[in-house]
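Engineer: Now for the letters of each chain:
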Amino acid sequence: MRIRALLREPLLHFAALGGLIFAANAWFGEGAPEGSAVVVDQAWVSGVEAGLGRGLGRAPTTEELAEALRAAVDDELLFREGLALGLDRGDPIVRRRLIQKTRFLHEDRADLEGVSDEKLAAYLAEHRERYVGAARVGLTHAFAATDRHDDPEAKAAELLAELRAGGALEGLGDPFPHGQRIGLRTPADLEALFGQGFAAGLVDVPVGEAALLRSSYGWHVVRVDEREAASLPALSLIRARVERDRAEELRERAAEAGLRRLREGAQIVLELEDEGLRAALEEAL
Amino acid sequence: MVLRTSSVLFASALALVGCAEPPAPWVDEREPCDDNNPERNLYWGDLHIHSSYSFDAWIDDVRVDPARAYRFAAGEAVALPPFNEAGEGTRPLALDRPLDFVAVTDHSEYLAEVEGCTTPSSAIFETDRCVAFREASPSAFVSFGLGLDGDAADHSPALCGDGKLDCPALAGEVWSRIQSAAEAAYDRTSACEMTTFIAYEWSGSRDLSNLHRNVIFRSSQVPAMPISRFDAKTPHSLLTRLQSECRDGIDGCEVMSIPHNANWSNGQLFFPDYPEGEDEGEAAALRADLEPLVEVFQHKGDSECINGLSGILGSADEFCDFEKLRPPPLEDCGDGTGTQGMVGQGCISRLDYLRGVLLEGLREEARIGVNPYMLGVIASTDTHNGTPGAVAEDEFMGHFGSRDATPIDRLTGARPAGARNSPGGLVAVWSEEKSRESIFDALKRRETYGTSGPRIAVRVFGGWDLADDLCERPDLVAAADASGVPMGSALPPRSGDEGPKIVVSALRDPGSAVRLGAPLQRAQVIKGWLDGSGEGHIEVFDVAGGDNGASVDPTTCEPVGAGADSLCAVWRDPSFDPDARAFYYVRVLENPTCRWSTRDCLAIPEGERPELCDDPTIEETIQERAWTSPIWYGPATDG
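Residue numbers (the numbering used here), protein chains in the order written: chain Y, 1157 to 1441; chain R, 193 to 831.
Chain R on its own, in the form it takes in the complex (with noise of 0.2 Å):
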């Protein structure tokens, strides 16, 4: 069911009602689930994905539609390209473990374009950009790409327009099959097996600087239009039409943008500026009430931190080395910003990592009374390829359709960094059940992590009064609930003459019937703060586990050394601060394994391996891993 958009008008009166009232726990008609858990379960899902809708998964052979796209994250097979000479997929994959829930993401850009580039008798087939774009031509893809950048970007005139498609009348017909294959997949039994969320990605840039959200809809009811770059130029933009278009607009939407990909952004994405004329609070509200999350890790590498920038204090920590996108040497954007790194290019920014991030929106906080980075952490494929979730290194099939479909493909492939890239990662919830409702809820609290790929579960709980030995508890989550916030929350004012004590429990993935799972090495707590002069710290402690001295024998990948099952610790901040904004937030390592990149070269005969297998920048190994949602403290004389 769609509703049509209210206008602006009678949706800003509507707000002021709509305000005051919780959301119902079901908007759609549904049966309440078997499992529901009152201490929350685990749900596993990934939340960006793209099909043949998307006009850089089409241009490269991908027909995994939004319907096989869902299918595919239920447990379903498909067949990647190159295709046979019967039209066939040559590349069969399926999860070995479905997923929980799923998102399908297509650029909300050029659902039109893509449709009418590959209808024949549409009104565009036959001009010179739909014929560059079937023949996936390098030129369509960078006038498409290049498209989407500027506040100035809009429709091609040679594609949408008199005499050409009727772009918005597409589009909106693009998005109802998108929210039927969503419907068709969504389990609305019991039983719960299988949550889709309706969703698409806005996919702006200014300056070939990244500035791309995923927007994802709590229930069934989403306006009849997904919004574009061309329809909001700007990132505030957006987020106010998603209020007016979808919470004021419509009884029982619900909606959160979820941006991504700050490494690309050349400190972008997140440098806190304000649209002139606003009141910097109230946008800065509306961004932290809408963009509750960030996904920190994807194929397009990791964005949770890096050692060497100014601005940020504190020893190096060996484990940011860790996916980088784009090899050293990088240039410190200092306190602006760069432009071009969505093509590799520009400075590199404190901003376009978690941590420099989170230090900021304790600076707004501090300077503008709103926190709007309080940020909790994801992370997803943003695959190309319509198969959601599949994560793992030693299957790595790429993330562009026939472009990725050879070892060779892969490794020295430019989109974007070949070798360099990522299978992604997975989101992980702890929601009471696996319905829309309860798991867009879990989100939007911020009880969620990411993880690069391994279905580790962690539970992270603060508090002033939590028991020193809630790790002999098997109520440990009873009693951290009684006593403290889980992840994702601030801490209740402080109690106490101490600092605030942090509990992690974690256990490794059990790996599946065709793959184990990596012992775990380590937890630990990452603190940021800001000090009496507003300069931002960092410092990492081991909490459980630590350095093992596990490893892997890269000529067979077979790992080397013992780890753990599971871990669990009780840890109080030594070096509290109560005048000093802080958050907390938990990181839980893998013992080494195999990258995929180390499988891919030693797939190829030793004499035909690309020069990058020797490339000493290409790690070998990879340390998979989970970033938790913080914890935050704020002093008491807020608010």
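Isolated chain Y (complex conformation) (with noise of 0.2 Å):
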């Protein structure tokens, strides 16, 4: 999967492949490449011949097929001779995608294959709080308009004490274009619907009583009718985004090792005079 994410990068033009595999092993230590020798082999000629035709619309002549291989010799040997002159690290550029590059490539080493149920419920247990939905509240209620009182806080008042006399609040108030009653919502879809301030207003009010609200309309008379506490959904409902999260956290991991053991196997000298940032730095590395 990673690999996908790797080729979807952007990468710069001059950067061919070959040259970031070269690139790579040198990061990794894996390879003196100065003094290997410049290959030019069948799949290099085939690759450049191809291009070459492209460009011409024919097949190449032998004597311009040997022309741009010596272009593209030319090309590795310039391309080796920055890398050991360390022309690559004065350019910004080169540089960030190098450590993008390498960054990646660590993370491709996490392991994601064989996601099974007891893995991912696993996760899930360990990141309830991620995936518990926020707690919800239904109601009914009867409304006053701000544009059709001239004080739709008596208004609402009055209609509340209708409801307390033992009247209904179904049939009470103004129109309003959600209806009187909304089914189980959590604060932020309350908020949306009603204005700023409204779900905090209903924290404090019981099952099966009412209360007056200001909303962004006008005044409220809304009666609590249920109330759902926040759970953790099943597993099998929310599979597609478990495995997404946890191959990401476990790229995430993967990465960080491969930081570690970079850290663990250099040699950083710390020549700094704050003592406490020294200290700091040393605990953070």
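Do not rely on the hints blindly, as some may be mistaken.
[Claimed, not checked] A partial selection of chain Y residues facing chain R, derived with a Cβ cut-off under 8 Å:
# : residue
1 : LEU1328
2 : GLN1336
3 : GLY1351
4 : GLY1374
Because the hints were derived from the structure by calculation, they are not lab data.
None of these values were measured; they are calculated from a predicted model.
Beta carbons: idealized from backbone N, C-alpha and C, even for Gly.
Hints in hand, dock the two standalone chains.
Structural biologist: Listed below in structure tokens is the structure:
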């Protein structure tokens, strides 16, 4: 999966794959490429020949092909010399791309194979708070519109008095496009319907009780019909999401592990006068 | 789960059986939603979004992929380009209110080519085309863009075919990833927090006149391949293939196609021509069935109405002077069509705007017995940043990645129209619950509307016997459901001697913790009809609110004057002619607010502002609005 992310990445047009692997090898200390021979093999020839043919609209002659291959060998030599001279280090674009690429190589070492239900269930249990939905409230309300009453609060208070005198909430008040009955909703949903602060006004209202609340549109008599506590959904219902999150975390961890190995194998000298900073950085490293 | 397409022959046989069956409530396994409401809830969405999988998004450093775009819609932040040295985006953006539903609609063309051009091991990675693409050279943009035009358009042999990419196979892989992204973000629990649709954009044009459509699927049952304009050369061919490959080919597959940017089409998107050799009635019926909606507003401007064109009778409508992508003067196509709308050229047709299209639909219905343009109304963003629902005028970051990074870039850019671009709009549906099937079905029955961005709640019903006191009744919806039809429907056969009634009930956008909604100014009914000689007429009625003198101080963007929090009215057509086919839709206007371009101009030091900050044809303010789907009337002799 990570390969795909890597492959989707923008690449500098001058950084061919060969160069990348080459650079990556150098980075990981797995070779000493400066001294090694430049080998012009059939695969390379075919690639150059195909590219040349597309440009010319016909097969290149032997001379043309040789000329193009010489240019390619020159490029390779320049590329190697540039690396040997450390020219890549001075270029912020090359530097950034190499850092990203190497990070992806580490991320790719994450073991994403064989995602069993057990593994996902364990992940879900471990990150419970991320998947628990918000607590929700269902309500019925009667509306007193600012645009229909001189004193909408007083109007709503009248409606509340009617309710408390034994009347029904249904059938009271002004029309509201969302209707009188609002099914189980999160606080964010309620604020999107009624405006800021509306959900906070409901927090202390017990089920079956009614309160007067202000909205963006006027005043409301609001009766809380039901409350549902936050709960964790079954894995089967959120499997795709959990799998995605777990894979992301594993890749992140693989990159972290790779960095740890690099740090452990590297000599990092802290020439710092600030002792506090030195201690903090040593701790962080 | 992706099912393979059955053969067309088999599919046709199935179609005969399948037609009679109503769609199952859920094709996919899922829990019922807790907030299911037979009187329908209001949900907000964006059905037109491009991510890094679109060639014209990637090229401007957009790296938000479909998975990330779906998560942005649910409230997660992204960082837009340009990138800093560490390769991170430098412009963080998050929605102040998550969306309820969303479809990422990447161009189905070039899914393989973009993947190949950005994959180092691919067979085309080193080609000049790909190098130019990765360098974001204008020539690469133009060659990909022009490659979409004309009925002969095809994949480039420089990128696809022998020795190059296996483009169908690779596009299929990318398509699977798009499906996985939609699946991972779809909430199948009973909380129903987020609904995602699997979708793509078919991006055909002819003579650079826009014919684009978004293709939206109802469930996870979708064909193995998206259809590109290379596979289906014409809109009609797209529709016949959607019919055979999805509806007739796969159990549980249902789909719609939503055209957009008629304003870019020189009359071609809605010109009523039918493929040679096809039965006109059948072709019109297929179109009516698969294309129940039109997107009338998005970042490339408004397609509701324009003043001054021939062929529509009625007074000028001052509120049509709204978010026009092209500056005047404009040539009138008359009864013909033009070319090159997508590059800001060519004539403008009455068929480039909703009103003309709806009238043309009535005309076609009179002529062939089928209305191919019985269109509901939506709006969306068409963002190319992978940021669905980012429509705020005061936080507009442009639509094309690093190309729109600064106020100067946005104001003077050329993709496509700098200061004339818009942040785009939203689509609202009234559906029983927030699941794919329920929202899709509400879209299909056109109980949907569009806004230029704000979340204005609007309910509309039409009927012959709607009670006059509906605006005093808290059971307005139940009463109107019982005695009328909601937006998007045809009126039932006429009863009584008088004209139909329309009831409108609207609430202002309540705003969010970081952004106030603007008050409402007025609600209008727009009536269109054909007279006895077939001439089209439009009349606009203020039915609630009206001119309230509200304005904006353009030097500070402070609003001046009050407006309404809610509006409600029951209106009866005062000049109804029972013999005349007609439609009625509602437009709700906010008080004026500051346009994004004014805010961007103010953000630039006075001496450094581009000239267009003083251009009188660029409005300083915007009257944001909602447009509802129409309600139609046809004489009783119909059918």
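Engineer: For every hint, state whether the structure bears it out.
Structural biologist: Consistency of the hints with the structure:
This hint holds: LEU1328/Y has a C-beta 6 Å from the nearest C-beta of chain R, less than the 8 Å allowed. Taking 8 Å as the C-beta cut-off, the interface hint given for GLN1336/Y holds, the closest approach to chain R being about 6 Å. Because the closest C-beta pair between GLY1351/Y and chain R is about 4 Å apart, less than 8 Å, the hint holds. With a least beta-carbon distance of about 7 Å to chain R, the hint placing GLY1374/Y at the interface is held under the 8 Å criterion.
Of the hints listed earlier, there is not a single one the structure fails to meet.
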